[in-house]
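> Heads up: the sequence lines are chains V and F, in that order.
1 is the number of the first residue of the first sequence in this note's numbering; add one for each residue after it.
1 is the number of the first residue of the second sequence in this note's numbering; add one for each residue after it.
Rather than coming from a laboratory, the hints here were simulated on the basis of the structure.
Worth double-checking, as some hints may not be accurate.
[Unchecked claim] DSSO-like cross-link-like pairs, simulated, lysine-lysine; straight-line CA separation at most 27 angstroms:
| id | chain 1 | residue 1 | chain 2 | residue 2 |
| --- | --- | --- | --- | --- |
| 1 | F | LYS100 | V | LYS132 |
| 2 | V | LYS228 | V | LYS239 |
| 3 | F | LYS100 | V | LYS51 |
[To be verified] Covered by chain V, per the in silico footprint, the following chain F stretches (three or more residues, Cβ under 8 angstroms):
| id | region |
| --- | --- |
| 4 | 28–41 |
| 5 | 77–87 |
Don't be surprised by glycine CBs; every beta carbon is placed ideally from N, CA and C.
Listed here are the chains, written in short residue letters.
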Amino acid sequence: MEVDALVMRYGDTVAVDGLSLTVEPHTITAVLGPNGAGKTTTLETCEGYRKPQSGSVRVLGLDPVRDARALLPRIGVMLQEGGAWSGSRADEMLRHIAALHAHPLDVAMLEERLGLAECGRTPYRRLSGGLKQRLGLAMALVGRPEVVFVDEPTAGLDPAVRRDVWEVMEELREDGATVVLTTHYMDEAERLADRIHIIDRGRLVASGSPIELTRGGPTSTIRLVVTKPFPPGAPESLKAALGDQVEVVVLDELSLLLTGSADASTLARVSRWCEENDVLPESLTLGTRNLEDVFLELTGRTLARGVTE
Amino acid sequence: MTGTFTPMPGAATLPRMVLTQARMESRLMLRNGEQLLIAVVIPVIVLVGLVGAADSLGLDYDDPVVDVVTPGVLALAVLSTSFTSLAIATGFERRYGVLKRLGTSPLPRSGLLAGKILALLLVELLQVAVIAVVGVLLGWDPSPGPAGLVGAVLAASLGTAAFASLGLLVAGSLRAEATLAVANLVYLLLLAGGAVVLPAAAYGGFGDVATWLPSGALGEAMRDALLHGDIAWRDLAVLLGWGAVGSVLAARTFSWE
């Protein structure tokens with residue numbers, strides 16, 4: 001799958017701003033970014049819902065809009081929400097989608113795998129969010145697609161169900177399908193993806209495997225949380241005290257993230273700075289650099305902050 | 001590589017997809033209480049009520065009242081299903097992402113439309129059966145002859161096409177709640193004043209206007225067919241016109257989300 005210089009606007013808002021990325025076959029590829037980063041718009045362009053306003057998109061070598069008839073049977077789509085008649089039953093809905101395909105999966109087996117048997121005769125509108133989400137995934141898989149697009153597959157799911165969904169995706173990859181998922185959960189991307197594309201404000205900010213993205217550069221972090229808001233100019237004065245080797249990023253008014261070499265002398269300098277500036281640390285946490293830190297360094301924003309924006 | 005999820009994609013054949021879609025839609029329509037009320041219960045109440053209270057209502061025609069009213073109630077059944085039920089169902093399909101979901105399934109849009117029309121015809125067959133039985137029990141004795149039967153089938157088909165295109169026009173451009181309100185309101189207005197159940201002549205001067213409405217044209221065509229054994233070409237042409245205008249407008253304005 002290839003996205004090349006894609007631009008999508010809604011009125012004056014630019015949702016996708018010259019995005020280019022590639023998805024290799026037989027991988028799990030995560031498109032990671034905060035809400036509003038342009039993930040869903042990009043995915044919906046690949047699914048043929050939207051026509052690129054500029055740039056191009058190819059899936060399995062096909063144009064999703066022009067070659068829709070050839071492409072649609074070969075892809076499976078899990079929407080963020082909805083997608084079923086409110087009065088239909090899960091089993092009925094899944095059998096309906098199955099019947100639109102030539103060689104669908106065995107519906108009973110799929111229901112067993114995804115824990116949908118418990119839905120019984122309950123109409124869709126009365127299913128729990130977790131069951132709706134699992135039915136959405138089942139509908140995406142039942143036609144035995146080559147490429148599966150899943151939009152925020154585990155948003156709002158309890159941990160056990162999340163693991164079930166992850167296992168199914170790993171099995172899909174093993175069996176030769178390609179999975180493209182969007183997420184704003186770091187752990188999901190880190191755990192599942194062979195390749196991660198980090199996007200922010202409609203632009204690609206980094207690509208690579210989880211290891212490539214977290215390796216290199218600073219390997220450790222210090223998170224400083226204080227009891228009352230930092231004095232004005234705190235990040236600058238702390239950076240001056242620590243030297244060029246250390247990056248200082250403001251997380252919120254009570255916490256800072258330092259990335260760089262977190263050795264004993266850095267820690268000592270942080271403590272001294274606190275003493276000199278009359279700042280009382282509540283906690284000083286050492287950590288290794290993870291995707292969350294990478295995202296923060298690249299965009300200056302936390303994923304969580306992106307979510308609330 | 002053969003595992004549970006090894007890809008083996010492909011679309012079912014178009015006829016199979018259309019049949020699947022029609023079966024699902026008609027089943028959902030018949031399962032829904034409100035839809036069933038408007039499809040079967042109200043027409044039967046109207047039929048029994050008008051025939052039972054004909055004298056006190058002052059209904060007096062050259063033919064027995066039941067012979068006049070039953071074709072009108074059949075026309076009402078076509079109107080309720082192809083306009084009101086279709087509009088409401090489609091409005092909520094948009095709202096709940098069903099159309100969006102089906103948009104990435106192998107079912108093409110033309111197949112979706114064909115499935116919907118087939119589902120309407122299936123439900124209408126059921127309505128006709130129920131209403132005809134009730135009519136006969138009330139003394140309805142139709143003798144339309146071959147021409148009348150052709151006229152009735154043409155009226156029902158063109159009426160379905162006209163009202164379905166108008167229903168999709170409403171459902172594809174308004175929010176689901178607004179569609180619900182408009183579809184029910186139009187149904188009530190046409191039931192009361194659209195010359196569908198009672199002949200246009202019963203409305204005095206407005207009757208001339210009413211025969212240009214799809215409801216009046218459908219009602220008149222149905223009565224001409226089942227009462228007099230005629231094919232009402234002029235009314236069928238009116239239905240065709242509404243169907244053409246409705247289809248063009250619906251195709252231009254329909255939004256899938």
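> Give a verdict on every hint.
Taking the hints in turn, this is what the structure says about them:
1. LYS100(F) / LYS132(V): Holds, because 16 angstroms separates the two Cα atoms, which is no more than 27 angstroms.
2. LYS228(V) / LYS239(V): holds, 19 angstroms
3. LYS100(F) / LYS51(V): OK: LYS100(F) and LYS51(V) at ~15 angstroms, within 27 angstroms.
4. 28–41: holds (count 3)
5. 77–87: violated (count 0)
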